[in-house]
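A.B. asks: Given next are the chains, with one letter for each unit.
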Amino acid sequence: QKEVEQNSGPLSVPEGAIASLNCTYSDRGSQSFFWYRQYSGKSPELIMFIYSNGDKEDGRFTAQLNKASQYVSLLIRDSQPSDSATYLCAVNSWGSGAGSYQLTFGKGTKLSVIP
Amino acid sequence: DGGITQSPKYLFRKEGQNVTLSCEQNLNHDAMYWYRQDPGQGLRLIYYSQIVNDFQKGDIAEGYSVSREKKESFPLTVTSAQKNPTAFYLCASSISGTGHAFFGQGTRLTVV
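Taken in sequence, the protein lines are chains A and F. Taking the working numbering, the leading residue of the first sequence gets 839, the next gets one more, and so forth. Taking the working numbering, the leading residue of the second sequence gets 32, the next gets one more, and so forth.
FYI, nobody ran anything at the bench for these hints, they're computed from the structure. Note that this is a predicted model, so its numbers are computed, not measured. Check before you lean on any hint, since a few could be wrong.
Here are the simulated lysine to aspartate or glutamate pairs, EDC-like style, with alpha carbons at most 20 Å apart [unchecked claim]:
no., chain 1, residue 1, chain 2, residue 2
1, A, Lys840, F, Glu93
2, A, Lys880, F, Asp61
3, A, Lys880, F, Glu55
4, A, Lys840, F, Asp90
5, F, Lys88, A, Asp865
6, F, Lys102, F, Asp61
7, A, Lys880, A, Asp921
8, A, Lys948, F, Asp69
Looking from chain A toward chain F, a few residues come up when the C-beta cut is under 10 Å (computed) [unchecked claim]:
no., residue
9, Gln876
10, Tyr909
11, Ser920
12, Thr924
13, Leu926
14, Ser931
15, Leu941
With beta-carbon atoms standing in for the labels, derived distance ranges [what the hints assert, rightly or not]:
no., chain 1, residue 1, chain 2, residue 2, range
16, A, Tyr909, F, Ala112, 37 to 45 Å
17, F, Pro70, A, Asn904, 30 to 38 Å
18, F, Glu100, A, Ile856, 45 to 53 Å
19, A, Leu849, F, Thr117, 35 to 43 Å
20, A, Pro852, F, Glu100, 48 to 56 Å
21, F, Ile126, A, Asp916, 29 to 37 Å
22, F, Asp85, A, Gly867, 15 to 23 Å
23, F, Ser98, A, Gly854, 45 to 53 Å
24, A, Arg898, F, Thr36, 24 to 32 Å
Beta carbons are placed, not taken as given, at the ideal position from N, Cα and C, and that holds for glycine.
Put together the whole structure using the sequences plus the hints.
C.D. replies: Given below as structure tokens:
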């Protein structure tokens with residue numbers, strides 16, 4: 839069974855600070871990595887994706903990937919109260935038994951940005 | 032507008048009853064997924080399908096069944112064999128193999 843691990847939190851940061859969210863995955867053959875944001879009672883929405891080792895920046899968000907360490911992270915700069923949500927790490931990998939791709943999610947990290 | 036639609040938003044099931052959750056997408060996506068989310072938990076994969084007339088079990092398929100007769104539709108049946116069905120059910124779709132999933136608004140199922 840493919841596993842995606844996240845610290846459940848809650849992670850509390852003051853407004854304007856950098857929030858750092860981490861994720862590890864078990865399948866070394868995983869090919870693509872995603873961060874979804876989920877507000878309470880709502881469905882997840884995609885905010886970042888990364889395929890290659892290194893950093894990928896999009897506005898206040900930076901995704902970091904280290905395939906050798908099987909580690910992916912999300913940094914949120916200048917955190918705002920509206921960033922308060924649960925952040926889900928997801929990994930897309932080939933399921934050889936099923937013969938198709940499978941998208942596996944972690945349990946999520948709850949982030950609270952304190953005004 | 033393109034999107035993915037789940038219905039109903041809220042569903043109540045009696046003990047021993049089968050219920051079917053609807054999921055329809057007009058994004059022309061090949062891949063569709065069903066996830067279950069319990070309070071304070073992440074998403075657990077129930078079933079997924081990469082192509083019409085084919086689907087695979089996820090991590091928690093017991094007590095559930097699906098069909099994929101049309102590209103646009105991927106209904107989930109929660110059978111009486113599922114002993115603890117109360118949860119938030121999410122359907123998603125993506126271009127096959129990409130992982131860029133778009134989610135429906137979810138169905139909250141409660142056993143009464």
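A.B. asks: Output the numbers, in ascending order, of every earlier hint that fails for this structure.
C.D. replies: Hints 2, 10, 11 and 19 are the ones this structure does not satisfy, whereas the remaining hints hold.
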